[in-house]
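J.: So you can see what is in the structure, the chains are spelled out below.
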Amino acid sequence: MLPVIANDDQHNLHAGPTADVVATNSTSSMSHGKVAARFSFKTILSGASPRDPATLDNEDQSQHYTFFPLALGQILRQYAVTELHLTLNAGNWNYDRWGYPQENGVGTGAELWAWMGEGDIKSVDERWRGLRNALAGLFCASLGSLDELRTTSPEQSFVPEGSLPNWETSHKVRHASLPSEHVCTENLTPFLKLLPCKSQSGIASLLNPHRLFDADWHGMGVHVLWREEEGVELRLTFQAVFDPLRSGSVKKQDWSLQSLFDRNIHRSCPVARTSQVVSTLPTDVAYSISPEPSSIEGNVAIFDVKSLVKPLDIKMEWANSFSYPLQYHPDSVPFSVKRTLRGSSQAWGQLSVVITNYRPSAVHALYLEIMPWLLQFLVHTLEAQVDGTVRDGIISNLTYVAPVPHSRPTTFQVLLTLPPQSTVHLTMDVTKAFLRYTEHPPDAQRGWDLPPAIFTPLELGMNNSAAALVKEGRIYTSALLVDLATPDFSMPYNVIIFTCSVIAFIFGNVFNLLTRRFVVVRLEDKKS
Amino acid sequence: MDHLSDSPPRRRSILVKFKEFFRPSGNIHEKRIRRRMRLVSQLNRRLPLIKIALFLVGYLWMLLLPAPDLGRTTYIDENALQPAQVNTEWSWADVHVADQYLAQLERVRDANYSSQQRAQWLNEEFGKLGLSSSTQSYSFTPGVSTQNGTNAYAIISAPRHSGTEAIVISASWLSRTGGGDGTLNLRGISTVLALAGFLKRHSYWGKDIVLVVSDGYLEGMQAWLGAYHGVSQAGLFAEPLKLTGGVIWTALNIDYPGHSFSHLGIFFEGLNGRLPNQDLLNSVDRISRYTGGVPVVLYDHLDPREDPSVNQPPSWLSAAIYDVPQVKSFLVQAKNIARHLRYQANGRGSGVHGLFHQFRIDAITLYAVPATGPHGFHAIGRIVESSLRTMNNLLERLHASFFFYILTGPQHFLKIGLYLPSAVLISVAIMFHGLSTWVDAGWVQETRQVAEKTASGEQETADQAIQWRRRQRPITGALCIMVATHIYGFFLLNVVSSTWFAHNHQLLSAAVFVIFSLLPLAALGIPQESRSDDAPIASILKAFNLCFTSTIISIITVINFALAASMAVLLGLPLIVSTPSPSLPLKLIKYAAYACLGLGWLIFAREETMRSLWYWEVLRVWFAPFVCIVYVPLVIQCGIACLL
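Chains C and U supply the protein sequences, listed in that same order. Going by UniProt numbering, the final residue of the first sequence carries number 528, and the count climbs one at a time with no gaps. Going by UniProt numbering, the final residue of the second sequence carries number 644, and the count climbs one at a time with no gaps.
None of these hints come from the bench; they were simulated from the model. Idealized CB from N, CA, C, for every residue including glycine. Watch out, some of these pointers could steer you wrong.
Mimicking BS3-like on lysine-lysine, the simulated pairs with C-alpha atoms at most 25 Å apart in a straight line are [unchecked claim]: (1) U:242 x U:590; (2) U:415 x U:328; (3) C:198 x C:310; (4) C:338 x C:432; (5) U:128 x C:251; (6) U:51 x U:31; (7) C:315 x C:251; (8) C:252 x C:315; (9) U:128 x C:338; (10) C:252 x U:128; (11) C:193 x C:310; (12) C:338 x U:242.
Derived CB-CB ranges, DEER-like [as the list claims (entries may be wrong)]: (13) C:506 x U:467: 37 to 43 Å; (14) C:380 x U:494: 49 to 55 Å; (15) U:32 x C:407: 54 to 60 Å; (16) C:266 x U:242: 43 to 49 Å; (17) C:522 x U:483: 51 to 57 Å; (18) C:490 x U:45: 52 to 58 Å; (19) C:286 x U:373: 45 to 51 Å; (20) C:487 x U:49: 53 to 59 Å; (21) U:43 x C:438: 33 to 39 Å; (22) U:487 x C:392: 42 to 48 Å; (23) U:494 x C:490: 42 to 48 Å; (24) U:487 x C:407: 27 to 33 Å; (25) U:373 x C:324: 32 to 38 Å.
Chain U on its own, in the form it takes in the complex:
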C-alpha cells in the first residue's frame, strides 16, 4: 500500500486513461470520429515519408534477395518419390550401345539426311527394339519463314498397367547451346535410343514411357505436344499422332551437346513464367549427386566456391573483397537469380522442357555441361534411369512441395514469402502515390481576403487565411485517354506482328517508332478544362495511371514475379516523378523521355523484338502482347499527363 501511495497521481492518470479507453464517457461517436480523423491526418502528414520508405524497402529487398543467409536448403516433400533409393542397372554394355547409336547418328548427320529421313531412321531404330513407334511431320508458318520438320517418337507400354499415365523422355535435335543456333544434341538422342532398349527390359514400370526425338529446337516439341493434347494453333500444321499414351505427368529433356561433361545443369523455367514442381528438381539433384556421382549446378553456372577454374573476381571488384565468403556467395546467388529472372520475365523459358508446363506437365532439362570430363553416357544413363524410377513411384501428380520459388543455388531456394513482398511494397508505394494524387486533385488552394463566418457563426477567422476548397474531378476524359492508349497499344501489336513489318523490320522499326511516338501528341489538341473549377485532367490521368500500374504489378507478381519486378523497377520511379510543366518545350522534352522509355525497344532492341514476336506467334508467349498492350500504354499515359 505504501508503494502505491508513493505515486498516486501518475498511477491514477494511467488508470483513468485505461478506463477512458475501454469505457469512454461522453459522446462515443464523436470520439470515434475524432480518433479516425486524427489517424487520417497523421497518415496524410507522413504520406511522403511512408512512400519513400516503401520504395526504399522494396528496392533494397530486391537487391538483398541473393543474400547468402536468406532462404533455406531444398528438401523432398513428396514421400512417394524416394529419390536415389534404387540400385541402378544401367551398365557399360548399355554405354556401348549408346556409343554405337552415336556412331550411326554421326553418319546420319554427315550424310545430310533431311529431317524426314532422319525421323524415319529413328522410327526404324525404335521399331527394331520392338517398340510401337511413329513419326509426325509439322510445319509452322509464323510471319516470314516456314519451319518444317519431322518428329520421331516411341512408346514403351507399361506391362501389367492400364497406361493411363505416362512419362516423357525427350531430346531435341538441336541443343540449347546458343539458343538452338545449330549445335546438335547427338549424344542426347543416343542416350534416348539406348534408354529405349534398356528400359523395356524391366517390368516394374507403372507408367507408359514415351520417347520423343523432336526436330528443331523448340518448334518440334511444340507441334508434338499440341498434337498429343489435341490443341490446334493458328499457323501450325501438325500431323495427328498415330500413337498416343496416357496423361503425361512428368517429363525429362536430355541435352548433351559436348563430348563429355563435368556437371549436370538443371534448367527449369517454362513459358510465361511457369515453374515445375520443386520436388522434381530436388529429386534429380539428389539422384545426380548420390547415384550418378555428378555435381549439380543451376543452368551452366559453375560455382566458384567449388570450382577453381571459375574462381576469378569480376573486374570491378578487388580480390580482397571477393575472397570474403559472404561476398562470393552473394555474387554467385545474384548471378543465378539474375539468370532466373531473365528467363522468367520475357516468358520464353529456358529450353524445350518449358513447353511442357503449359499442359500441366512437370518438366526439366538435364543439361550435360560440356567439359573434357569426367562423365559421359554411363553417368547420364544412371541418372535418367534412377529419375525414372523415382517418377514411376508417383501415385498422384506432383502436388506437394513448391510451385513458386526462386532457386539461388542447386540446393538452396527462396520461398514465395521471401521475394514476393519486394515487388508488392513498390506497388503499394505506387498505389499510395496514386491515391494521394487523386485526393489532392479534389482540392484547390485559394487565399481569401474576406473574413468568413464559421459554421458556429460566433468566431471570425483572420483575413488572408489559406483556404482549401473542394472541386469536381471529372473522370471521363482521363478514362477515355486511357482506353485510347490501350487501343493504340493493340494497334501497335498488330503493326509489329504483321508480315510486312517482319520483312522490313530494319527499315520500318524507326518509322514505327516515330509514328507511334507522334500519335499521342494529338493529346495537345485536347481543350483545356472548360470549367476552371474542375480538377485538371492531367492530375486525374496521373492518379488513374498510377493506381492501374500498381494493380497490374500486384497481380502479375503471382503469375510471373520476374515480370512484375522488372515492371516495378522500370515504372516505379519514372511514373511517380512526372509533373505537368508550364512551357511547351519542357512538356515536349518530358514527353520524349517517356516515349523513349515506352517505345525505345523498337530502336534499341530490334532483334529481341523480332524474337519476342516469334515466341508469341509460335509458342504463345504473351510477353510481346503484354509489352504492346499494357506496358507501352502505361508509359504513354504518363507522357500524355505531362503534355496536358
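With the rest of the complex left out, here is chain C:
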C-alpha cells in the first residue's frame, strides 16, 4: 500500500485544571484508487488514575469531568476498568490491497476487550458482565450478547496498550467478539455525543453518516487507557475507506473533503488544543493540493484547521487518469492470510488457513483462534504444509483451552514460524455441533457467524520465545459462516405433529404388548 495523501488535524485547549482535550484527525489516501480516512479524537484526563477494585465498597472519590464524557467515565469508575477497547466495524479490511490500518482493531463486527484488576468485592467476570451491558446501552449495540459463550482471556495477543497500575492484585484481560454485529447510524450518534464539540464544529463536523456508511469499509473505536505520567486517555476513532472511482463515470482518483463527506469544515472546535488534517502525498505522480498546507513533513502535508481560512475544503487532484494495477504487493503487511472452512457436510469440515510470507526473512506470529463451541477443533489433525509437503518446526507453543458445550468457547493459540517467501497451508479438521432446537437463532437457515482469527506478528527475544514482543499490529482474517444441522423451522407444527405421532405409535404398541394378557382362544368350526 502506498499512502498518497494524509490529513491531520488537531484541536487543543486547556479548560479546567484537571481535564485536557486533544483531538486529532487524519485522513490518508491509499493507492489503488481508494481513500482511507481516519478520525481520531483524544481526550486526556490529566492526573487521573483508574479505580482500584479494592475500593469498590467505598464511596467513589468525586470526579470532575469537563471534556471527558461523563457517561463513559461513570461506567469506567463503576466497574473499575483500567483499559478498555471497543470497536464496531462493518466490512472486511483488505490487508492485501489496503495495507495496515492506522487503527489495529479492524475485525468484522463488534469486539470488546478490557483489562481489569482483580478484586474480592466484585470479581472480574461480574464487572465484565456489567461493563458490556452498560456499553450496550451507551452505544446501542448488541454488546450484551458478548456473554460467556464468547468471552475468553487471550493475554498474549491482547497486551495492554497503556500502563497497568501497580496494585496488590494482578490484572486480567477479558475479550469477546460478535462478528454479526453491524455498525450504523444508531451507533454513531452516541459516539458523536462523547465528543466535546459533538459534530457541530471542527473536524468532527465531517462525520456525515450518509457518506460514512456508504464507504467500502467503516468502523468506529473507543479506546481508554492509562498512561502513568499523563492520566487517563480516551481516544475515539472512526475509520473509513472510500472509493472515489466507484461511480464509474470519473477516471481520476481526485478527492476533496466536499466529495468524500459532502461537507466542509466551517469552524474549528474552540475547546480543542490542536486540530489538524494530515494528508499523505503521492511520491511519483503529478498532483496538486489546495489550499497550501500549513507545513509539509516528508511526504505528509499538515493543515492546521485553527489557522486556515474557513470554510476549509481540502482538495487533491491528479494530472493523469487512473488505471488499476494488475499486481498488488503490500509492503506494510508482513504476510497475507486466507482462512476458509471447507467441506459441505453439516457434521464435520476442515479449517484451512493459507499464510503467505512475502518477506525475505522468517516471520514469527501468534495465531489465535477464539471459536464458539459450535465448531470443535480436532487438534491432533493440525498440520502445516509448505508447497504440499508437511514441514515440522512451523507450529510451536500450542495453547489450547477446550470448549465446554453450550457455554465456553475454544481458545486455540500457536506460535507460527513462517519461512521466508513461501506459503504455509495450515489445516485442521473440525466437527460441527448439534444444537438444541431452542439454541437456534430466529434466522436459523442463515448459519452461524464465526469470529475472525487474529494473527499477531512477534519479535522473538534472543534465542527464546518467552521475551516475545509484539512487533506490529494485529491482523484479522475475515469472518466465517458455518452451516449446522438445522431443523425445518418454517413448519414447526408439522414437525411436532409427525414426531408426536411416531412416538405415540411406538409407545402405544409397546405399552399394549407389555400390558396385554395373552389367552388361548378356541375357535369352533363355523360349520358346527
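Please arrange chain U on chain C, whose structure you already have, making use of the hints.
T.: Just chain U, lined up with the frame of chain C:
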C-alpha cells in the same frame, strides 16, 4: 311414538347390531379373531383385483400428470425476495460495454487462444476493473481422454459487509446448445464481463459476487466448485483457488449462444435428480416478465398457445383434435414433463447450474433461446441485475417454497403430493404381489383319499377333498442368489468402467453382453430342492425379488422421482408376469427376454452407456452404478427365477 311402532322389527335389529358392535356379548376375543380372519380372507380373495386396480391407477396417474387442470400456478413464498420491485440501472452504455467485450472475445476466439491464454486474458480484463481476480487450471483424466482447461474468476467484495455469503454469476465457455458440442457462449461471457464493471459501481451488495468463466462445458465448473469447497476427487487435478469468498447461497448461470433471443429459457435440474428451491425460478420468472419484458419458457420449448410459429399439430394427431384447448395444453405440458423426467432420471441435470446443487447451492441456467430478435444484452443485463438484487435481499438461505416439484410450465407446477403417489401405487402393487407369492409358497395343494378326523373328532370330511398343507420356505438359497447377482452387478460396473473397455467399447460391448448374459445360466446347475416338501426356490426368489424391487422404488421416489417412475414402468409388469416353465427351451426363451431387458443397453445404447460412465467418473452421477448394481441384478434375479 306411532312412527316408531310402525317399524319396530327393523329398528330393533339395527339397534341390536349397534349394541352388539360396541358392547359385544359372548367371547369377545373369539369375535375379534373371527373378524380379523374374515377381513384377511376378504382381502385375500380380492387380492388379484386390488393389484390390478393399483397398477391401473398408478399407470393412469402417470399418464394424467400433464392434465391441464392438475397442479397450480407458482407463487413466491419467501417474503424477503421481493422480485421485480427495483428500478434497474443497467443502461445502453452498459450494453455498449458488453458489445465491446464481445468484439474482443471474438478476436480471442479467432486468434485460437489456448484455454490458458484465454483465462489469462479474462483475468486481466477483470483486473482492469479493479477486481480481485485469478485463474485456476485443472485436468481430468477419466478413462481414456484427458480434459485440461483453465477457469477465470473474480470476486466483487461486498462493501461494508463481512463477505460471509456469496452469489455466483457464471458462464461456461461452451454453451449448452448441443450438450456442449462446441457452440461458444461468447455473449454469455460478455454479459458476465460487462456485469463485473456494472455491479461494482453500487454499494448495496450485501453478499460477495463471484464471477466465474468456466472452461469447457461442465468439467471446468466441476473443478472450480470442488476447489472452492475443498473437495478432492479421484482423477481430477485442480489447482487450489487463490481467492475464496463466503458461503455460496445462490448461483445464476448465463447461457447466451445466439445473436439475439426471443424467450428466456429456464433450466433447473441438477445432478442426481436434485432440484433448486422453486422460489429462485419463480423470482427469475417474475423478473424476466415484468422487469425485462422477456417471456419465459421452460427449457427451449416455445409454447404453441402463444407462439404461432410452433403451433403445428404432431403428425399422429388430426388438426381438429389438436385445436381443442385442453388437448393442446395437455401436449405442451406432457412435453415439458417428459423433458424434465429425462433430465432427472439419468441424473445428469440440464446444464452447468446442476453442478452447484451438490454443494447445497440453489442454481439455475438462464438460457437465451436463440432467435432473430427482439432481445439482447439490454434485456439480459436487466434481468440479471434485478435477479441479483432479489437474491441480495436474502437474509437466510432459500428454505421456504418447494424443493420437490414438477414444473409443467414456467408458471405452473405439480406439488409432490400430486405426482408421488403414481409411482408409489405401482410399488405397492409390486409389494402385494411379492407378499402373496411369499404366502402362496408356504402352502402346497394336495388331494387326499383318506377321510380325516377334524380337530373336534366328531365330524368326518368327505373324501377326495382338496387339502392345503403348510411347507417349509428355505430362504438361504434365494438370498444367496440375490447377493450373488448384486456382486455380479458390481463386477459388471467395474468391467464397463475400466480403461480397456472404454478403448474398445464398440467391439467389447457385444462380448460383455454375451458373457454377462451367459453367466447367470450357471443357476441351471443348482440342484433342485433336496426335500420335495420345501417350497421351490424359484417362487421364494421371485417373492424376495418383488418385495426388494418395491422397496427400492418407494425409496427412490423421494430422492429421484423420475428414476423411480421409470423403474416402476420398466420393471412393474415384467417382473410380475414371470412364471417358471416346465420345458428347458421355454425357460431359456424367457430368460433371454429378461437378459435383453436387463443388459440390452450394452448393445442398443452404446454411446449413452459411455456418456453415463463419463458422468459417473467426472461428475459423480450415480446413474451408471445404479443401473449396474441395482437395476440389472433385479432383472437377472427374475430371469433366474424363470430358469429354476
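J.: Among all the numbered hints in the text so far, which are the ones the structure does not match?
T.: 1, 6, 14, 17, 18, 20, 21, 24
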